[in-house]
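Chains V and C, in that order, give the protein sequences.
Numbering follows this note's numbering, with no gaps: position 248 of the first sequence is 248.
Numbering follows this note's numbering, with no gaps: position 235 of the second sequence is 235.
Don't take every hint at face value.
Computed list of chain V residues with no C-beta within reach of chain C, every gap over 10 Å [stated by the list, open to error]: (1) 2; (2) 52; (3) 56; (4) 119; (5) 128.
Which bits of chain V does chain C cover? Going by a derived footprint, with three or more residues having C-beta under 8 Å, they are [said to hold, decoys possible]: (6) 66-72; (7) 94-108; (8) 188-202.
If the Cβ cut is set under 7 Å, some of the chain V residues that face chain C in the computed set are [claimed, not checked]: (9) 224; (10) 227; (11) 258; (12) 271; (13) 276; (14) 279; (15) 281.
Note that these hints are calculated values from the structure, not bench results.
We put the beta carbon where it would ideally sit given N, CA and C, even for glycine.
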Amino acid sequence: MEAIVNQLPIGLSIAAVLLLIALGLTFTFGQMGVINMAHGEFIMAGAYTAYLLQGWAGRQAVLVALPVAFVVAGVMGLILERVAIRHFYGRPLDTLLLTWGVSLVLQQLARDLFGAPNVQVRAPEWLQGGVGILPYNRLFIFALAVGSVVAIWGYMNRTSQGRRMQAVMQNRQLAAVSGINTGRVDQRTFFIGSGLAGIAGVALTLIGPVGPALGTYYIVDAFLVVVAGGLGQLRGALIAAAALGLLNSYAEFWTNASLAKVIVFVVIIAFLQIRPQGLFVLKARALT
Amino acid sequence: MTTTVRNVVRVAPPPAGPSWRGRLRAPAVFVLVAVLALVVAPLLLEPFRLGLLAKYLCFGIVALGIGLAWGQGGMLTLGQGVFFGLGGYAMGMYLKLHDAGGDLPDFMVWSGVEKLPALWVPFENPVFAVAFAVIGPVVLAVLLGSLVFRQRVRGAYFAILTQALAAATVILLVGQQGLTGGTNGLTNFFDLFGQDLAADGTQRGLYIVVAAVLGVLYLVAWQLVRSRFGRLLIAIRDGEDRVRFLGYNPATVKTVTFAVSAGMAGLAGALFVPVVGIISPALLGVVPSLELVVAVAVGGRFSLAGAVLGAVVMGYAKTSFSEQFADGWLYLQGALFILVMTLAPKGIFGLAATARDFVVSRRPRTGRPLMSTGTADIGGPLIEAQEPRA
Numbered sequence: 001m002e003a004i005v006n007q008l009p010i011g012l013s014i015a016a017v018l019l020l021i022a023l024g025l026t027f028t029f030g031q032m033g034v035i036n037m038a039h040g041e042f043i044m045a046g047a048y049t050a051y052l053l054q055g056w057a058g059r060q061a062v063l064v065a066l067p068v069a070f071v072v073a074g075v076m077g078l079i080l081e082r083v084a085i086r087h088f089y090g091r092p093l094d095t096l097l098l099t100w101g102v103s104l105v106l107q108q109l110a111r112d113l114f115g116a117p118n119v120q121v122r123a124p125e126w127l128q129g130g131v132g133i134l135p136y137n138r139l140f141i142f143a144l145a146v147g148s149v150v151a152i153w154g155y156m157n158r159t160s161q162g163r164r165m166q167a168v169m170q171n172r173q174l175a176a177v178s179g180i181n182t183g184r185v186d187q188r189t190f191f192i193g194s195g196l197a198g199i200a201g202v203a204l205t206l207i208g209p210v211g212p213a214l215g216t217y218y219i220v221d222a223f224l225v226v227v228a229g230g231l232g233q234l235r236g237a238l239i240a241a242a243a244l245g246l247l248n249s250y251a252e253f254w255t256n257a258s259l260a261k262v263i264v265f266v267v268i269i270a271f272l273q274i275r276p277q278g279l280f281v282l283k284a285r286a287l288t
Numbered sequence: 001m002t003t004t005v006r007n008v009v010r011v012a013p014p015p016a017g018p019s020w021r022g023r024l025r026a027p028a029v030f031v032l033v034a035v036l037a038l039v040v041a042p043l044l045l046e047p048f049r050l051g052l053l054a055k056y057l058c059f060g061i062v063a064l065g066i067g068l069a070w071g072q073g074g075m076l077t078l079g080q081g082v083f084f085g086l087g088g089y090a091m092g093m094y095l096k097l098h099d100a101g102g103d104l105p106d107f108m109v110w111s112g113v114e115k116l117p118a119l120w121v122p123f124e125n126p127v128f129a130v131a132f133a134v135i136g137p138v139v140l141a142v143l144l145g146s147l148v149f150r151q152r153v154r155g156a157y158f159a160i161l162t163q164a165l166a167a168a169t170v171i172l173l174v175g176q177q178g179l180t181g182g183t184n185g186l187t188n189f190f191d192l193f194g195q196d197l198a199a200d201g202t203q204r205g206l207y208i209v210v211a212a213v214l215g216v217l218y219l220v221a222w223q224l225v226r227s228r229f230g231r232l233l234i235a236i237r238d239g240e241d242r243v244r245f246l247g248y249n250p251a252t253v254k255t256v257t258f259a260v261s262a263g264m265a266g267l268a269g270a271l272f273v274p275v276v277g278i279i280s281p282a283l284l285g286v287v288p289s290l291e292l293v294v295a296v297a298v299g300g301r302f303s304l305a306g307a308v309l310g311a312v313v314m315g316y317a318k319t320s321f322s323e324q325f326a327d328g329w330l331y332l333q334g335a336l337f338i339l340v341m342t343l344a345p346k347g348i349f350g351l352a353a354t355a356r357d358f359v360v361s362r363r364p365r366t367g368r369p370l371m372s373t374g375t376a377d378i379g380g381p382l383i384e385a386q387e388p389r390a
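Isolated chain V, as found in the complex:
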């Protein structure tokens, strides 16, 4: 019983990070049909942003890094979208391979710029300790994810930009003939999605070291969240991330790390037998 409680904050903070990563993926995937393998490198960029800001902001770097990492990763995503990905719309599998090439280059770039060994970002002193079994750093990550989800929800449902985004996601052609500049909406979505990955990167500095391959550890799981949650679905990503994060940490605890991934995989395959398109599906009459 005690173990179940102890494992909870770990599972929830993994879920929170997965959610931040998966949100960007699910929107770019759902709206543009882009599978962005370089998304993991935006996480890494966010984490290194926090590392670099340490020189200037000291131990408060994490706090300062949040907005900066959002912009840094967002701009990287925007550049990627403008330079490469927009030529590949409608060919999701090709975007997967293209962005993998980009991710290779970015990882090597990080290795050349910051060195291959991992670096540490020192957490602010006010994040040390905790209440009971809840460490402050994991609570902070959790709060970060909750804040981001609320902000995204508000953006999507309460602003005209967000409504346009939803319109494009539901029916691109109809949105286009209604006068929405879909290219502009795509750019915004890409910026926000990549920026969230940057924030996830900053959050990750609180629970582990930063290295050039940081993104690769999370990208596969984040894609599984997208698959299980349904394309472009905020609710789906939320539930799937929570389920996957908790399942991962409990499976790891009860068996061992090496079996946990297999269990997660089997559960996902079983789940897809019931809901092949994920938890929530945009209703459409289109066939492929």
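Based on these hints, arrange chain C on the given structure of chain V.
Relative to the frame of chain V, chain C by itself:
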């Protein structure tokens, strides 16, 4: 009010069959390449280079399977390394047990394992090991394929699932130190069916076996693509729902193809182990699986020959570039890949077709058969749009 028909569907006349020279060209090229590979290369190349070539040809076998599943069937599989690894580990386990000669394999002793695990016992039999190297991957692929394809999980979803499988497999193998040799994998083999593995003659013989297997599998795959089954496979790639409406079951066709490609990867793994002398998690994870897909894309995914060629060329390029600049290879690979995907999406083998498409797209559109289905060109992404077909 009269209705005007806007989109006249004019069907192009069926292409005339190739001339007898055209029909003979493909077999002639195949025979030429086979002679080069089987006779000329073993005579000319020194044993070290020949061993490397054998390794690339093993990758070529995997690539052939990827070309079949992805190029012809539209199933982007990012987990071929798993099947390759199953074959490789099956062979490696046999070699380990054979070398140990009744004792425990060396790494088990180091990990403190006292008794041979039950999983290992059947692999003392070489026939079982080789059979498992093919049947194991086929069974896994049928299981995964039938579960996934039956539910119409496809495209990117399928790609992500296979990638997750690769990631999970690596973690599983690394974690079971005493059973699988952990990160180091299985290595230090000395003897294959009574032949000294280090001897030049054995390596030359292995090379010929690998080249012959690749040749035979190529013919099998080629025949498969030309058969009615292959037509169906390509039809499914281009419009799965339409094929279903015609009364076929796409899930069966896809599962069979996926299983064939998995069996090829397994056999390649079994050949790879005696040739290279090691099988480890690093050889079958997400990155090596993706690298092979990349190689297929670079070679030309829509042609089986392009897929094999891509794997051999990329294997060679990787070895020679990483010898000189270890870090530069990743930049080069990434950049090459971005360029190929952007400029020549059909790969090296499809360059001519890509160039032709480019010229045609620049020409004013007169006299072309109209096959429009009436989708408006809105200048933005069309998720429904299918990619150009070879």
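Legend entry - Cβ contact check, 8 Å cutoff: the segment 66-72 of chain V against chain C, three residues minimum: Not satisfied, violated; 0 residues make the cut.
Inset, instruction - Mind taking a look at whether chain C covers the segment 188-202 of chain V? Criterion is 3 or more residues with CB to CB distance under 8 Å. - result: Violated: only 0 residues of the segment 188-202 of chain V have a Cβ under 8 Å from chain C.
Legend entry - Interface hint compliance - residue 271 of chain V to chain C, C-beta minimum distance less than 7 Å: violated (10 Å)
Legend entry - Hint status (Cβ of residue 276 of chain V to nearest Cβ of chain C, threshold 7 Å): holds (4 Å)
Legend entry - Non-interface label on residue 128 of chain V, tested against every C-beta of chain C at 10 Å: Answer for residue 128 of chain V: holds, closest chain C Cβ roughly 31 Å.
Legend entry - Whether residue 56 of chain V stays farther than 10 Å from all C-beta atoms of chain C, as the label says: Label holds. Min Cβ-Cβ 29 Å, cutoff 10 Å.
Inset, instruction - Using 7 Å as the Cβ threshold, decide whether residue 279 of chain V counts as touching chain C. - result: violated (14 Å)
Inset, instruction - Identify whether the interface hint at residue 227 of chain V stands, where standing means a beta carbon of chain C within less than 7 Å of its own. - result: holds (6 Å)
Legend entry - Claimed clearance of chain C by residue 2 of chain V, with the beta carbon kept past 10 Å: holds (25 Å)
Legend entry - Hint validity - residue 224 of chain V Cβ closer than 7 Å to any chain C Cβ: holds (6 Å)
Inset, instruction - Let me know if the C-beta of residue 281 of chain V comes in closer than 7 Å to any C-beta of chain C, holds or violated. - result: violated (12 Å)
Legend entry - Hint validity - residue 258 of chain V Cβ closer than 7 Å to any chain C Cβ: holds (2 Å)
Comparing the model with each earlier hint shows violations of hints 6, 8, 12, 14, 15; every other hint is respected.
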